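Using the sequences provided together with the hints, build the complete structure.
Number of protein chains: 2
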Amino acid sequence: MGYNRLTPDLVAELRGMVGEKNVIYGDPEQLEPFSHDETPGKKYRSMPEAVLRPRTAAEISAIMRLANREMVPVTPRGAGSGLSGGAVPAHGGIVLLVDRMNSILELDRENMMITVEPGVVSNEINEYLKEYGLFYAGYPMSMETCFIGGNVAENAGGGKAVKYGVTSRYVLGLEVVLPNGDMVELGGKLLKDVTGYNILQLMVGSEGTLGLFTKIILKLMPLPKCQVDLLCLFETSEAAIKAVPRIITEGGIIPTSIEFMDKLAVKGACDYLNETLPYDKAGAMLLISVDGSDAAQVEKEYEMIGDFCESSGATEVYVADNPTTSERIWKIRRNIPEAYAVKSPRQCGEDIVVPPAKIPEIVAKFADISSRHGILIPCYGHAGDGNLHARIVSDPSWTDDYWHDVLPEILTDIYKLTKSLGGTLSGEHGIGSKRKRYMRTVVSEEYIGLMRGIKNAFDPNKILNPGKIFD
Amino acid sequence: MGYNRLTPDLVAELRGMVGEKNVIYGDPEQLEPFSHDETPGKKYRSMPEAVLRPRTAAEISAIMRLANREMVPVTPRGAGSGLSGGAVPAHGGIVLLVDRMNSILELDRENMMITVEPGVVSNEINEYLKEYGLFYAGYPMSMETCFIGGNVAENAGGGKAVKYGVTSRYVLGLEVVLPNGDMVELGGKLLKDVTGYNILQLMVGSEGTLGLFTKIILKLMPLPKCQVDLLCLFETSEAAIKAVPRIITEGGIIPTSIEFMDKLAVKGACDYLNETLPYDKAGAMLLISVDGSDAAQVEKEYEMIGDFCESSGATEVYVADNPTTSERIWKIRRNIPEAYAVKSPRQCGEDIVVPPAKIPEIVAKFADISSRHGILIPCYGHAGDGNLHARIVSDPSWTDDYWHDVLPEILTDIYKLTKSLGGTLSGEHGIGSKRKRYMRTVVSEEYIGLMRGIKNAFDPNKILNPGKIFD
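The listed protein sequences derive, respectively, from chains U and Y. Counting from 18, one number per residue, gives the positions in the first sequence under the numbering used here. Counting from 18, one number per residue, gives the positions in the second sequence under the numbering used here.
No wet-lab data here; the hints were simulated from the structure. Predicted, not measured: the structure shown is a model, and the values here were computed from it. There's no promise every hint is true.
Identical chains blur together in the list; that is why a pair holds if it fits in one copy or across any two.
As the list claims (entries may be wrong) - Simulated crosslink set (DSBU-like; lysine-lysine; CA at most 35 Å straight-line): (1) Lys177 to Lys453; (2) Lys433 to Lys236; (3) Lys147 to Lys232; (4) Lys436 to Lys382; (5) Lys236 to Lys382; (6) Lys436 to Lys147; (7) Lys280 to Lys236; (8) Lys38 to Lys232; (9) Lys259 to Lys232; (10) Lys433 to Lys232.
Rendered as structure tokens:
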């Protein structure tokens, strides 16, 4: 597409729309933080020409009309905590930052719904809801920093999806500014709705390429009154994963979380944290949480889960039924990325998803890829969902150039293996610019054709977040 | 669109594709059953020119290529149990019946997923799964006759959606023949997937206008080991509905079902069934079910629910903890449509959805509409979801002509009221041809424009199920 650059005249017009102090322009130092998200590496960076901080849907609508008229690309941005380059202005132009649209607009207790703006930090929703005995069940690992708008745009998953599902299950309504500046309401305070195509759910996970959310209506759940975490140590990944369907089918229990960590992941995190768990016995760990409204029931469930794990070969089962011990074991899980970040400056965080029962097989086959390329691939993630975070960690002696040469080969190996096991590229992090070139390893031309048709119907000028998902 | 009629030559070609005995053509008596679905009234009927019964995706693909080449419309059909005219060939042409594609292809116990063809009767899936301790949690009221393909096409809801959600939550993968005859795989045996736009969920509920499903992968749940039903009698609809959020927020319990029946609905069904419940005291009833894997927990929950209902003004609470009494109370709920069908030959079954807390208000306001037009509007349905089946029952003395004149006014009043309370046209029955003309009372031109853009991208010749949802 032939995009145009912003001129000083256009910037003056934009300043009139959102206010002088809500425009960053002409200062590379101030613009730089908006050239990247949390994707490791410098490859997915691209500088914006201006950053705008609108306060209202009407301002966003005016910006989009200008962008279309002048053929200037617009990239929406939340907290910038994404892991696929989704908020990076790949073609320059405007970054549209929603941090000022950060109000909780309405709690509707009778209907158990909350209406928020996109710039609300996800965790703030739950802090706000605590006193009402309600909670929002989305739970991305970056909950304390990420924005709800970004969660919706990426269809964020996270640690509680086994029981509660991902973001999409809770998005009941959206107010959207379309790429041409028109506004549309999708869904509403409705728990069921088949009035026309499900454009609401098409927006969820569209990575900011089909519209900008200006209001979000979320479904709430009763706040569980108790939670218990189990840390179950196994000798092998296979033994750990085999326990999972037994818990669910034989026990009839849907745990809140079933997090998996392989030997490398556990060892890395324990070393990093100077943790004294007997990790050397553990070939793999499961971190299993149960929650509920009834303490006796939760106790019964975690005891059953412990029994299933032991009879499936768990060598030890630790119970964390208070916040301190709970935090101690979740800390291991959360610190895996950090632990490896200090081992090597060159890393790539993957987010593949396979049928859950295929996890032992893929973990075993990663070992081949790992030794073939001379890299480490610690694996961890959401075993209950088949969503595995494979972290590709280079040999520390490699140069940047060598890393960039060899990484596409490693990724192609990983994705082809994933595809061969019935899996796909991303379970929750998205495609963005990072995984775009690998789309054809897992999806067909027909599928890309349908996406292109939808994009064209919503955004014929390709103004909104160009360069993402597909070309 | 300028559609063409089938010629004998084309019919010969189609016979070559699906086999002589799988084509109905030229015999109005044999074609007539495919001119309608279960929508009451004769208004939404339209005769097909031919009915085809393909067995494979390849046959469907060949049919679609012919239809596109010759500009002949194709309307997919499952069991024909729909309630919005979705399976009616509004522009004639071909009805594509999937009744021969009725195999359960694979049960994957490890991943708790099942792969089925679209012509499998929904209830057969659960009959098949019983011995494995698993179940498919979709539960339309027509479970014993409807096909799973139709459930997916309409995004069927039903009686268990409060706890389990609607069909869409369980559709993990689809093999689809696109309107041009191309095939595409969407999703897979994956519990999470953000690899590109969510075209999978766009297909769910698209009413057979965007593609034909030839394989469906469904997520399964552990089969609950026990279920208890409560029938709670209240003096008013308001009192009944007010109990609902208390159960969920204060009790922290998500019941399986929360079915509502107003006075007219209860009285009609009890009269029809010669039932001896003390319905004359009841201004409204809630039928609440709880299920689970643990009998003690289920007992605790239903006792709590009973207490909440009593403290919210329930005059009586009956407990049904065995199949016989359970069937007795569900029978009342299921027989409401039949009960009114014998009262008047002219009826219209509506399926509006509002924020759940608005149900008492809308039921009260229906009374105004009812007296203004001289009709009955018994209301019943899925209170936990805000999905209300308002059945418009004409005065038996009215003529067909008068009924057809006045019905659009009644419906417009009902839909405008629904919209004013934040609601919309349909929670689970769909738009089809029946509600198409009323779409603009609840959605914007921009929304219709987006739907039109999507349709155009998938089906530029408007070959697949034309005349539905929007023009």
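Hints, verified against the model:
For the homomeric pair Lys177 and Lys453, the shortest alpha-carbon distance inside one copy (27 Å) is at most 35 Å, but the shortest distance between copies (39 Å) is not. Taking identical chains as interchangeable, the C-alpha atoms of Lys433 and Lys236 lie at most 35 Å apart only when they sit on different chains, with a minimum of 25 Å there against 37 Å within one chain. For a Cα distance limit of 35 Å, the shortest separation of Lys147 from Lys232 inside one copy, 22 Å, qualifies, whereas the shortest one across copies, 43 Å, does not. Taking the shortest alpha-carbon separations for Lys436 and Lys382, only the intra-copy value of 13 Å comes in at or below 35 Å, while the best inter-copy value is 55 Å.
When the C-alpha separation of Lys236 and Lys382 is checked against a cutoff of 35 Å, the pair qualifies only between copies, where the shortest distance is 26 Å, while the shortest distance within a copy is 40 Å. Proximity of Lys436 and Lys147 under a CA criterion of 35 Å is satisfied inter-copy only: 32 Å between copies versus 42 Å inside one chain copy. In this assembly of identical chains, Lys280 and Lys236 lie within 35 Å of each other by CA distance solely across copies; the values are 30 Å between and 38 Å within a copy. In this assembly of identical chains, the alpha carbons of Lys38 and Lys232 lie at most 35 Å apart only when taken from the same copy (23 Å versus 55 Å across copies).
Proximity of Lys259 to Lys232 under the C-alpha cut-off of 35 Å is restricted to the inter-copy arrangement: shortest distance 27 Å between copies versus 42 Å within a copy. Only between protomers do Lys433 and Lys232 lie at most 35 Å apart by alpha-carbon distance; the minimum there is 24 Å, versus 39 Å within a single protomer.
Hint violations for this structure: none, all hints satisfied.
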